[in-house]
Amino acid sequence: MKKNIFLLFLLSLFPLQAQQIKVEPSFWWSGMEEPELQLMVYGENVASYIPEVTSKNVRIKESVRLESPNYLLLYLDISGSSPETFDILFSDGKDKISYSYELKERDPDRYHIESFDASDVLYLIMPDRFTNGDPSNDQIPMRMPYKVDRSHHSARHGGDLKGISNRLDYLADLGVTAIWLNPVLENDMEGGSYHGYATTDYYRVDPRFGSNEEYAKLIADAHSKEMKVVMDMIFNHCGSDHPWVKDVPSVDWFNNLGEYVQTSHMKEMYFDPYASEYDKGKMVDGWFVPTMPDLNQRNRHVAKYLIQNSIWWIEYSGVDGIRQDTYPYADYDMMVNWIVAVEKEYPQYNIVGEAWLNNPIATSFWQRDSPLNPNNTQLKSVMDFRFMGLAHSAFFEETGEWNGGLHGIFDHMTYDFVYPDIYNVLRFLDNHDTDRFLKEYPTDLSGWKQGITFLLTMPGIPQIYYGTELLMHGDKSKSDGDIRLDVPGGWPGDKVDQFTAKGRDKVQNEAFDFMKKLLHWRQGNDVIAYGYMKHYVLQKGVYAYERYLGNESVLVFMNGTSNRVEINLDRYSESIGNRIEWKDLLSGRNISLGKTLSLAPKEILVLEQ
6 MKKNIFLLFL
16 LSLFPLQAQQ
26 IKVEPSFWWS
36 GMEEPELQLM
46 VYGENVASYI
56 PEVTSKNVRI
66 KESVRLESPN
76 YLLLYLDISG
86 SSPETFDILF
96 SDGKDKISYS
106 YELKERDPDR
116 YHIESFDASD
126 VLYLIMPDRF
136 TNGDPSNDQI
146 PMRMPYKVDR
156 SHHSARHGGD
166 LKGISNRLDY
176 LADLGVTAIW
186 LNPVLENDME
196 GGSYHGYATT
206 DYYRVDPRFG
216 SNEEYAKLIA
226 DAHSKEMKVV
236 MDMIFNHCGS
246 DHPWVKDVPS
256 VDWFNNLGEY
266 VQTSHMKEMY
276 FDPYASEYDK
286 GKMVDGWFVP
296 TMPDLNQRNR
306 HVAKYLIQNS
316 IWWIEYSGVD
326 GIRQDTYPYA
336 DYDMMVNWIV
346 AVEKEYPQYN
356 IVGEAWLNNP
366 IATSFWQRDS
376 PLNPNNTQLK
386 SVMDFRFMGL
396 AHSAFFEETG
406 EWNGGLHGIF
416 DHMTYDFVYP
426 DIYNVLRFLD
436 NHDTDRFLKE
446 YPTDLSGWKQ
456 GITFLLTMPG
466 IPQIYYGTEL
476 LMHGDKSKSD
486 GDIRLDVPGG
496 WPGDKVDQFT
506 AKGRDKVQNE
516 AFDFMKKLLH
526 WRQGNDVIAY
536 GYMKHYVLQK
546 GVYAYERYLG
556 NESVLVFMNG
566 TSNRVEINLD
576 RYSESIGNRI
586 EWKDLLSGRN
596 ISLGKTLSLA
606 PKEILVLEQ
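The sequence shown: position 205 = 210 (the working numbering), numbered continuously.
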C-alpha cells in the first residue's frame, strides 16, 4: 500500500506525458479461469517506459519489449483479483503516463453458454449485403479510401448490424435458430473489404456495420427471440492495412513478411504420408492472398493475443459460438491450445472450423477424437464440403437405375462412419465462397425442395445461406458479387421488398413457405436433431431413409426421377414394422404403407405417425 501511495505522490510531482497510449484489451474481467492476462500497449517509444500497477491484487509477471519500440507487452497475474479499477503507471525517469484499467465483474451466465448444436439451423448472413438499417454509417471517414456503390460487385453496399436487428422477426418467422455472421470486425482496407476477412482492428466492430455496443445488443435481441449468434473469426491472417503491418512488432510476428510467398492451399499435407517439409511450410506459412499477411501463431505473443481476443468477444457480447476461417492454415498446436482455452472458460462452447476438403475422410481428420489423427485437434465441429459439392448437381439431375442424381447422396452418406461425432458436422448446400445452390432462377422447385428437405432431415448441423429461401441464385465464376447479392427490400428506396410475402413472386412464396414449414417442424424435434439414421439402396430411383429415436420415427421417400414410379415396400419392413398409417408433413395427406407405394415425379414424402 505504501508503495502505491508513493507512486501516486510521484505522479503529482510530474505532469503526465501528452502522448496517448492504447491498451488491448481495454478492459477485462476478474474471476476468469485463466489467471494470466496479456496487455498489448501501443505508443511512441512506449518500450522505454517502466510499468507499475497500483492494484494490490494484480501484479506484473513479465514485461516484454519487442523489436519495435512502439509496443510493450505486459503479462499480469490476476488470479487474486476482484472487480476494480486501477492505474497502470509508465515512467521513463522524467515522463509519466497513467492508464486507468478496469477488471469488470464476470457475468456468471457466460460460463454456462449453451452453444449451437444439431438441434439448431444456422442462417449465414453477409452483413454488407443483407439489409441497410442505418444509411448514416454507409460513407463515413476511415483511414483508407473506399467507395459505396451497390452497382459494383466488390464495393461496399451499406448493409449493417441495425439492418440485421430490424429483420430478426423475419428470421424468427422463417424458423432459423442461429445466425452466423460473416466477420464484423474493422476492415479499414483500401477498397473497403466488404466481406470482413481482412481484419485491421481485433477489438472494434467496423463502424460501417455499427459499434461494439450494437453488436452486443444484436446478440441480446436475438436471444430474446430464442436465436443464437455465431461469430466468424480469422486467426490465420489479418489485413495488410493493419497497424501491425505498418509498424511490425517483431521480426517473427508474420510469416514471409520480407518476400511474398503464396500458400499452396494443399491442406492434404497434414495427413499425406509422402509430404515434404517444404510443402508443409509453404501451406501453413504462405499468405492466403497478397492483402492478407500470414500471422505467425508460433510466436507466443501472437498466440496469446488471438486466444485472448476470442475470449474477450465471448465474455463481452455473449456470442454463442465461433466459426473459425481457414482453419488448417494456422499453426496446428496453437489452434489446439486455443480450443482448450475457450472450453476452459465456456465448457459447452462449440467451434466449427473451416477445413475445406472434398473428401469426407480428409474432413474427419480434423474432428476431435478422430482415430485417423494421432494428434487430437480438439475441434468439435467440421464442415462437410463434399456434400455441398455433390448437392449442386445431385438433386437436379435425373437419378438412373445405378448412378446419377440421388445415388451420389446415398454414396456420400455411407462415409459418415469416418466421423467421430456426426452430430457435429456442419451440412450446407452453399455459402459465401461457393456457387449458389441455384445458379439460375428455377422454373421447377422439385430439385430445390429435395435439397432443402435432405439438408434439414440428415444428421448434423444444417446451415442455410441467406436468400436461399428467396431462391437467390448466383455463379461464382462470374464474380464473388454474384453469389453475394443484396436482398431486395433491404435498402431504403428498393422497389421490391422480398422480406414480405407481398414483395415475393408466387414461386418465391412457395419456396419460402416450404422451408418455413420444415424449419418450424425441426425445432425441438429430437428425432431429427439427435436420432439415428438408416437408409436403403435406391429402388427405381427412389431414395428412402429413416430417422429414429426410441419409439419415434420419421420416414423420408424421394423420387429422384421425372417419372411416376411404384416401389415395393417389403425391403423397408424393418423401418415400417406394423405401422401402416402415416401422415405426410409436407402435404398433410394420410399415407398407407402397405405392399407398394406410388410416387409422382420428383415427389417427396416426410412421414411421421
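These are computed hints drawn from the structure, not numbers from a lab. Being a predicted model, the structure only gives us computed values, none of them experimental. Every residue, glycine too, gets a C-beta built ideally from N, C-alpha and C. Careful, some of the hints might be misleading.
What the hints assert, rightly or not - Label-pair distances were calculated between CB atoms; the ranges are: (1) Gly409 / Lys521: 18 to 24 Å; (2) Pro150 / Gly405: 51 to 57 Å; (3) His157 / Glu49: 24 to 30 Å.
What the hints assert, rightly or not - Calculated pairs, DMTMM-like style, for lysine to aspartate or glutamate (alpha carbon to alpha carbon, straight line, at most 25 Å): (4) Lys511 / Asp421; (5) Lys251 / Glu264; (6) Lys222 / Asp112; (7) Lys61 / Glu72; (8) Lys507 / Asp139; (9) Lys251 / Asp178; (10) Lys61 / Asp100; (11) Lys522 / Asp487; (12) Lys349 / Glu445; (13) Lys66 / Asp257; (14) Lys521 / Glu231; (15) Lys522 / Glu445; (16) Lys507 / Asp485; (17) Lys251 / Asp139; (18) Lys66 / Asp114; (19) Lys349 / Asp114; (20) Lys230 / Asp114; (21) Lys545 / Asp518; (22) Lys483 / Asp518; (23) Lys588 / Asp480; (24) Lys511 / Asp114; (25) Lys521 / Glu579; (26) Lys101 / Asp114; (27) Lys222 / Asp252; (28) Lys511 / Asp499; (29) Lys444 / Glu403; (30) Lys545 / Glu402; (31) Lys521 / Asp440; (32) Lys444 / Glu608; (33) Lys588 / Glu551; (34) Lys109 / Asp257; (35) Lys545 / Glu403; (36) Lys349 / Asp112; (37) Lys167 / Glu218.
Numbered hints the structure breaks, given as an ascending list: 1, 3, 4, 7, 9, 11, 12, 16, 17, 18, 21, 22, 23, 24, 25, 26, 27 and 34
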